[in-house]
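Colleague: Given chain A's structure and the hints, the job is docking chain B onto it.
Protein sequence lines, in the order shown, are assigned to chains A and B.
Once you know that position 12 of the first sequence is 12 in the numbering used here, the rest is easy, because the numbers rise by one and skip nothing.
For any residue, its number in the numbering used here is found by taking its place in the second sequence, counting from 1, and adding 1000.
Misleading hints may appear alongside valid ones.
Derived Cβ-Cβ restraints for the label pairs, each shown as a range [what the hints assert, rightly or not]:
1) A/Arg-132 with B/Cys-1089: 27 to 33 Å
2) B/Asp-1138 with A/Ile-131: 49 to 55 Å
3) B/Ile-1035 with A/Gln-162: 42 to 48 Å
Lysine-lysine pairs mimicking PhoX-like chemistry, simulated, CA-CA at most 20 Å apart [said to hold, decoys possible]:
4) A/Lys-8 with A/Lys-35
5) B/Lys-1135 with B/Lys-1096
6) B/Lys-1014 with B/Lys-1002
7) B/Lys-1014 with B/Lys-1073
8) B/Lys-1025 with B/Lys-1053
9) A/Lys-35 with A/Lys-19
10) B/Lys-1002 with B/Lys-1067
11) B/Lys-1025 with A/Lys-133
12) A/Lys-133 with B/Lys-1024
13) A/Lys-133 with B/Lys-1053
14) B/Lys-1067 with A/Lys-35
15) B/Lys-1067 with B/Lys-1096
Examples of chain A residues toward chain B, derived with CB under 8 Å [unchecked claim]:
16) Gly-15
17) Leu-76
18) Leu-93
19) Lys-96
20) Gly-98
21) Gly-124
22) Leu-125
23) Leu-136
24) Asn-141
25) Leu-143
26) Asn-150
27) Val-153
28) Tyr-154
29) Glu-155
30) Leu-166
31) Asp-169
Don't read these hints as lab results, they were simulated from the structure.
Don't be surprised by glycine CBs; every beta carbon is placed ideally from N, CA and C.
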Amino acid sequence: MSSKEFFKSRYAALGWQFKETRTRQAIRLNVSTAKGKDIVQRLESIGVQLEKIYFLKTGYWVRNSTMSVGATAEYLLGLYSIQEAAAQIPATLFTKLGGKIVYDACAAPGGKTVQLADLMNNTGLIVASDIRKRRLTALTNHLERCGVSNALVYELDARRAQRLKLKFDRILIDAPCSGNFAADGNWFERRTIEDVERNAKLQKEILEQATSLLIENGEIVYSTCSLEPEENELNIDWAIRNLDLQVQEIDCFGQDGLVDIFGTRLDQSLKKCKRIWPGETQGFFVCKLKRGAG
Amino acid sequence: MKVILDFAARFDTKLSLNPDFVIKKDGRHFLLNRILRRFVLRDYYYAGVYLGKVRAGKFFPSFILLKRMAENKANSVTVDGKASWLFICGRDVFRKGILAVNGSPNKNDYALVLNEFNECLGFGIIVCNLDTIGKGTDVAVKNVSDIGDFLRRETRWSA
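Extracted from the complex, chain A is given alone in its bound form:
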């Protein structure tokens, strides 16, 4: 069986019939630097046709453009960022971000860090870290372009984040993952189930470390752009059994998380997670966890 057939059969077993999908380019307005309506008007005046993403407040799909949306003056001025639609969801799920101490655990290239800063109106503190120094350059370029002023950035493995000697109100874990075929045309040739299992182990370690840094009643938003349950529902099921975390209701785009994975019954609260099969967006998984909420 080819890799593609193998993964397709898994998706079918999870209740989704495979269909070829490619992601649509999307942007997110940085409303702390300018008014959203003004940015849209300016982009339309230079030939960028936008379509509001109905499930996001500040997200737009790029329907057509006479120029690269990554090379406009408005982009270079930090008025918007290029960010895939589903990837815009996680940062919006936290309650009351303003003034909080937030950890962005796997931050590079920084799209979500900038989004957090925008949602926080540059108040409070974001500690952003990534393990790869080369990717930090992209992250800090992004912060400078968008005028972010409330971030501290460290070259740091999220599994060693106790070194920061801080407790956090909110933690975003946009975990390193296997990705998905909608965002990567060669995904099926590149990926094996061993990759998935290796990533799942790494994600558990990051979750465990992050939980130890979370204040009582603090929130973790966990996301991946993987479709594989080992990196999603199975990891969250493990986390609620082992880390004093509870899954919280979230109101966002996506289907309920799965509670039956290849015959294994998971905790029913996993329905509160959101799983996004490729279609209008890339594949994605997101959930909100609270410590000590039970």
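Modeller: Same frame as chain A, but now just chain B:
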């Protein structure tokens, strides 16, 4: 920090920077606020507001610093849409593209370059007296640094 204040002074503007909140690492200067100063660790990679870097004794300002200087009424020229586009592509500003001169029009002075929305696109050196603007195709402001640099950096990394 003196290097930053001296740079701003070349635009006839005075920045108020509390030295207790400015930190420096590998020649890069950052401005913190109270919260960041409380929590920053010694091995940070980037912190707060990036102000610019010193390389070989020369100061290279960040675009956040230039933006703050623009808000602080530094010397500037406001340019039309076409000149804005050419400027962020790395080109100089022609006299005919200038809509307004805000502050010094004198040759050899530094000037921020603003677009029609008063957004700072970078800065340059005035290479001819700007008393008469809006005419002529000769270069008026020589490009020193522009926001197109964000794209050039990406190209450098991917090379």
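Colleague: So, A/Leu-166 near chain B? Judge it on the closest CB pair being under 8 Å.
Modeller: Since chain B brings a Cβ to about 6 Å from A/Leu-166, closer than 8 Å, the hint holds.
Colleague: Next item in the hint list is A/Asn-141. Is there a CB on chain B closer than 8 Å to its CB?
Modeller: With a closest approach of 6 Å, the A/Asn-141 hint holds.
Colleague: Please check whether B/Ile-1035 and A/Gln-162 have a Cβ separation lying inside 42 to 48 Å.
Modeller: violated (20 Å)
Colleague: Need the status of pair B/Lys-1067, A/Lys-35: alpha-carbon distance at most 20 Å?
Modeller: Distance ~17 Å between B/Lys-1067 and A/Lys-35 Cα, so the pair holds.
Colleague: Report holds or violated for the interface hint on A/Asn-150, using the least CB-CB distance to chain B and a cut-off of 8 Å.
Modeller: holds (7 Å)
Colleague: Can the restraint linking B/Lys-1025 and A/Lys-133 be considered satisfied, given a maximum Cα separation of 20 Å?
Modeller: Roughly 16 Å separates the two Cα atoms, so the pair holds.
Colleague: For B/Lys-1067 and B/Lys-1096, compute the direct alpha-carbon distance and say whether it is at most 20 Å.
Modeller: violated (24 Å)
Colleague: Under 8 Å is the threshold here; is the Cβ of A/Glu-155 close enough to any Cβ of chain B for the hint to stand?
Modeller: holds (5 Å)
Colleague: Under the criterion of a CB-CB separation shorter than 8 Å, is A/Asp-169 in contact with chain B as hinted?
Modeller: Given a least distance of 12 Å, the restraint on A/Asp-169 is violated.
Colleague: For the pair we were handed, A/Lys-133 and B/Lys-1053, check the Cα-Cα distance against 20 Å.
Modeller: holds (18 Å)
Colleague: Next item in the hint list is A/Val-153. Is there a CB on chain B closer than 8 Å to its CB?
Modeller: This interface hint holds because 4 Å falls under the 8 Å limit.
Colleague: Go through the hint on A/Gly-98 and say holds or violated, using the shortest Cβ distance to chain B against 8 Å.
Modeller: violated (12 Å)
Of the hints listed earlier, those the structure fails to meet are numbers 3, 4, 9, 15, 16, 18, 19, 20, 31, in rising order.
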